[in-house]
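Residue numbers (the working numbering), protein chains in the order written: chain S, 1 to 187; chain V, 1001 to 1306.
To be clear, the hints were calculated from the coordinates, so they are not data collected in a lab.
Keep in mind it's a predicted model, so treat the numbers as computed, not measured.
Incorrect hints may have been included.
Covered stretches of chain S, as calculated for chain V (at least 3 residues, CB under 8 Å) [claimed, not checked]:
(1) 141-149
(2) 160-167
Just the calculated beta-carbon pair ranges, DEER-fashion [unchecked claim]:
(3) V:Asp1092 <-> S:Gly166: 48 to 56 Å
(4) V:Arg1058 <-> S:Phe101: 30 to 38 Å
(5) V:Asp1278 <-> S:Ala87: 43 to 51 Å
For each residue, glycine too, the CB sits at the ideal point set by N, CA and C.
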Amino acid sequence: MPAGSLMEVKKVGRTIMEAQEIARAISRVAHEIIEHNHGIEGVALVGIRTGGVYLANRLAVKLGEIEGASVPVGALDITLYRDDLDARKEQPTLRRTEIPFDITDRKVILVDDVLFTGRTTRAAMDGLIDFGRPSEIQLAVLVDRGHRQLPIKATYVGKNLPTAIGETVEVYLEEMGRPDGVVILTP
Amino acid sequence: MSLKRKDLLGMADLSVEEIQLILQTADSFKEVSGRDIKKVPTLRGKTVVNLFFEPSTRTRTSFELAAKRLSADVINFAASTSSVVKGETLLDTASNIEAMQADFIVLRHPSAGAPGILARSLRASVVNAGDGSHEHPTQALLDLFTLREKKREFKGLCLVIVGDIAHSRVARSNISALVKLGAEVRVAGPPTMMPRHIEELGVRVFFNLDEALKGADVIMMLRLQIERQGIALFPSIREYSRIYGLTPERLRLAERDVLVMHPGPINRGVEISPEVADSGASVILDQVTNGVAIRMAVLYLLSAGR
């Protein structure tokens, strides 16, 4: 969700990563994925809507370049699996889940832009398991900002970013219509 | 954007944006219904009560499946087997159901406005599943969803609704939605089944079906309510069928890629010939499939409005 202009007026932004650093992080994570899985056979990427899907696509391109083979990519919308639907005044907008391959017995790598409380990841794992039984689920994130509320740890991290709990981390990607960048907004 | 409502009572009070939001949300739920495991935990712990004062298979089953696919608990309640036959009022029946912590009441009732009365006095969300000759909003929404899937745009679409317009809640809900969305709506049927001043809703009236069908992109057939024919609205079913039945010959008067819709249950050989009902133009079963997705979307969106 793009930051509204109101938010930008209220909060001060600090750029943490720019386009080149994001590209390097993706490249490094791609290499780590190959190393960890001894290649890319049986590996599939599933991006969490919205930012994670773009990152999953970029990772897939990178993995293809390095290994010369293609990795299936899916998109997962976790809204229906959230644990805070009751507490919200408005229902979040639903987006489509598209996993056009069988995940059973595959190593599925969930891809997200920011790892924060871990609740999104929990919901994503629940959602994923409704599609089959992966042999393994791994987690790749561009930014790990800490403050976990669940016992969840990323397998691959683009950048570890210490933050205060009240701060907001925004990841902008070209696919959303603005230049690549990771920004911390301080209230 | 979200649907800031507790209840869904009719299409007349929905804005174009709200309609689009429901259709867009239903896209996601259609995907859920296509999975091996057709269930998401979204409404876990919530209770949906289907309160039906008129017979129904399709709508009740569709709501029941929708609620179950969202992990809600469902109670079906048919008036014929309930305390209603002992003389309990509608409001008392509903209040008792609400006292058992129901979160949604899906109501079908022979009297227009009954869901509105419940909605005003209950905390639970009320969904109108058909009230008299008034509205049947989820039917109109699933029709719109099917149209959007097949035709993409509503603007400029020429649509003919054929049959007993006066007694049809499906017609009323669809007219009010389609006119809002910019479609050209025609209604066709015998004068005895045509409400006076219906033109004021923004539709064109035809008594000759052949003329109405010229240039039509969509034909929406209504069920001839044979059980209602105590009052003589036409001389005989055979005559009705001859003048207002949709046959392959008549279908050729419409556009080549015409869609044929019907809210069901169909009377084969009365308002629609079997050849047409089973033809490639017919999207009748798509409508049924889409009904579940639409009802999931409605339950999901209303669950935040309480």
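For each hint, the structure was consulted:
| no. | hint | verdict |
| --- | --- | --- |
| 1 | 141-149 | violated (count 0) |
| 2 | 160-167 | violated (count 0) |
| 3 | V:Asp1092 <-> S:Gly166: 48 to 56 Å | holds, 51 Å |
| 4 | V:Arg1058 <-> S:Phe101: 30 to 38 Å | holds, 34 Å |
| 5 | V:Asp1278 <-> S:Ala87: 43 to 51 Å | holds, 49 Å |
When the structure is compared with the earlier hints, violations turn up for hints 1, 2 and for no others.
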